[in-house]
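Going line by line, the protein sequences match chains B and S.
Take full-length UniProt numbering: the final residue in the first sequence is number 247, and no numbers are missing along the way.
Take full-length UniProt numbering: the final residue in the second sequence is number 295, and no numbers are missing along the way.
Among the hints, erroneous ones may be present.
[What the hints assert, rightly or not] Computed cross-link-like contacts, DSS-like style, restricted to lysine-lysine with a CA-CA straight-line distance of at most 25 Å: (1) B:Lys147 / B:Lys184; (2) S:Lys170 / B:Lys147; (3) B:Lys138 / S:Lys286.
Just so you know, the hints here were simulated from the structure itself, not pulled from any lab data.
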Amino acid sequence: MAELAPTRDKGSRTGTPLLAVEGLEGWYGESHVLHGVTFDVREGEVVTLLGRNGAGKTTTLKAIMGVLGQRSGSVKFDGQEMIGLPSRAIARAGIAICPEERGIFSSLSVEENLLLPPQVKPGGMTVEQIYELFPNLKERLSSPGTKLSGGEQQMLAIGRILRTGSKMLLLDEPTEGLAPVIVKQIGRTIAKLKKEGFTIVLVEQNFHFASTVADRHYVVEQGEVIDTFTSEELEQNLDKLRAYLGV
Amino acid sequence: MFESLGISPQVFFGQLMLGFINGSFYAILSLGLSIIFGLLNIINFTHGAQYMLGAFVAWMLLAYLGIGYWWALLLAPIIVGVLGMIVERVLISRLYHLDHLYGLLLTFGLALILQGVLRNAYGVSGLPYSVPPQLTGGQNLGFMYLPNYRMWAAIVALAVCLATWFLIEKTRLGGYLRAANEDPVMLGAFGINVPRMLTLTYGFGVALAAFAGVLAAPIYSVNPNMGADLIIIVFAVVVIGGMGSILGSIFTGLGLGLVEGLTKVVYPEASSVVIFVIMAIVLLIKPAGLFGRTV
Numbered sequence: 001m002a003e004l005a006p007t008r009d010k011g012s013r014t015g016t017p018l019l020a021v022e023g024l025e026g027w028y029g030e031s032h033v034l035h036g037v038t039f040d041v042r043e044g045e046v047v048t049l050l051g052r053n054g055a056g057k058t059t060t061l062k063a064i065m066g067v068l069g070q071r072s073g074s075v076k077f078d079g080q081e082m083i084g085l086p087s088r089a090i091a092r093a094g095i096a097i098c099p100e101e102r103g104i105f106s107s108l109s110v111e112e113n114l115l116l117p118p119q120v121k122p123g124g125m126t127v128e129q130i131y132e133l134f135p136n137l138k139e140r141l142s143s144p145g146t147k148l149s150g151g152e153q154q155m156l157a158i159g160r161i162l163r164t165g166s167k168m169l170l171l172d173e174p175t176e177g178l179a180p181v182i183v184k185q186i187g188r189t190i191a192k193l194k195k196e197g198f199t200i201v202l203v204e205q206n207f208h209f210a211s212t213v214a215d216r217h218y219v220v221e222q223g224e225v226i227d228t229f230t231s232e233e234l235e236q237n238l239d240k241l242r243a244y245l246g247v
Numbered sequence: 001m002f003e004s005l006g007i008s009p010q011v012f013f014g015q016l017m018l019g020f021i022n023g024s025f026y027a028i029l030s031l032g033l034s035i036i037f038g039l040l041n042i043i044n045f046t047h048g049a050q051y052m053l054g055a056f057v058a059w060m061l062l063a064y065l066g067i068g069y070w071w072a073l074l075l076a077p078i079i080v081g082v083l084g085m086i087v088e089r090v091l092i093s094r095l096y097h098l099d100h101l102y103g104l105l106l107t108f109g110l111a112l113i114l115q116g117v118l119r120n121a122y123g124v125s126g127l128p129y130s131v132p133p134q135l136t137g138g139q140n141l142g143f144m145y146l147p148n149y150r151m152w153a154a155i156v157a158l159a160v161c162l163a164t165w166f167l168i169e170k171t172r173l174g175g176y177l178r179a180a181n182e183d184p185v186m187l188g189a190f191g192i193n194v195p196r197m198l199t200l201t202y203g204f205g206v207a208l209a210a211f212a213g214v215l216a217a218p219i220y221s222v223n224p225n226m227g228a229d230l231i232i233i234v235f236a237v238v239v240i241g242g243m244g245s246i247l248g249s250i251f252t253g254l255g256l257g258l259v260e261g262l263t264k265v266v267y268p269e270a271s272s273v274v275i276f277v278i279m280a281i282v283l284l285i286k287p288a289g290l291f292g293r294t295v
């Protein structure tokens, strides 16, 4: 826990975090799901939220994005408080989400899905760069969004938020249910995005995958962050992590 | 052929033409209802009253301000559309999280208020609104006489329907509408102002109704009940075509207008119920409507 509290100390060492989540509480209707989630992400970092099913990882991303009905606490992005803002304002500030269920619109073609999110900041990828990243998409442009394979849908869901110019990406289990070869491709994509300066919060069940792409890891349990490691520390803490994740 | 059936071609084509004109009105009105239902999930029972209001605004523009038909065709839909947007912001938007029934009750109540107020002020005998001078007269087609204005009204109504279809199915703005229809939360998370889209969509649907009202003003007299009579048929059209289908609304509206016209020729007694009979049959065979998506 000592690793967690000194958010500001870390900040003073390496500059203020791009995303600082503090005491985040969240509800699904009546049920209180998040109990004070606290973590931070520095610019250019890839950070994962690890944890069992139902620990509150997806809910944390939804609460950051402002699509959770009720939430409180503090989410500071680039120094600006986001907690009271509607999701559209949070998107406009430069945070983009790729949800677990991918959120591809079935009544829109692949191309329409890709071009749907408006540009919120300058400097987003061009459509050509996205095709370079995911060549499969280019061949399927006029297909309806939901006629794609799971992997292609995932690429579309990631691809379309790269156009927006948002530099902070929230990726919710991008590898879930995908074939190993696609998982590798997603992994390479995340590495490439990191190199290009994107800041990424990744929710993962698969910590082997997580350890290959991320700098740091937060363990979420029952709606709280209970531990944190860097990728280098992962080896020493493998037993502890296995116990947390129940694997 | 017509003689052997005991029907004169004048009557046959006359009714068919009337059916085509009525059908184009059904199409534009059911289209507006479909768009509003598709995006807002509100069954807009005020639609008929908003159509009537379009005709009344056109009449008022002329009677009080001396503004004629052509400007009214542009101004009345804008005025009624803006009024609709205010109603959406102030009243309808409070009902989105509730059952359909609440929206239906609210809009039904609004329709009664609108009709009541105008009935009180202008009576029910109907106010005359003359055909613009450019469109008076008609064409003698040999087998029938076709009034220019009616032809114009039907063609313009259909052109507006097709333009609307194009807007929704083929443009970027339409892409937002379809996406909002499917998953408004996700669209909001991309930075789109979904509540504002709902307001504008309601305004647009209402403006379509008002536009139809202005087109109808020179054909039917301007009267507070003109929408109430029509809206019941239009709801039947929407049920037959399937809620939320754009092209379905257009085809069904036009087709049913023609069917109604033909029934007047063949068996006039049935003409006022034929649409409801078709509705019952469609509901039995394909409950989601001819073009509707099964939910």
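Status of each hint after checking the structure:
Between Lys147 of chain B and Lys184 of chain B the alpha-carbon distance is near 22 Å, which keeps this suggested pair within the 25 Å criterion. Taking the CA atoms of Lys170 of chain S and Lys147 of chain B, the gap is about 19 Å. The hint holds against a cut of 25 Å. With a C-alpha separation of about 38 Å, the suggested pair Lys138 of chain B and Lys286 of chain S falls outside the 25 Å cut-off, and the hint is violated.
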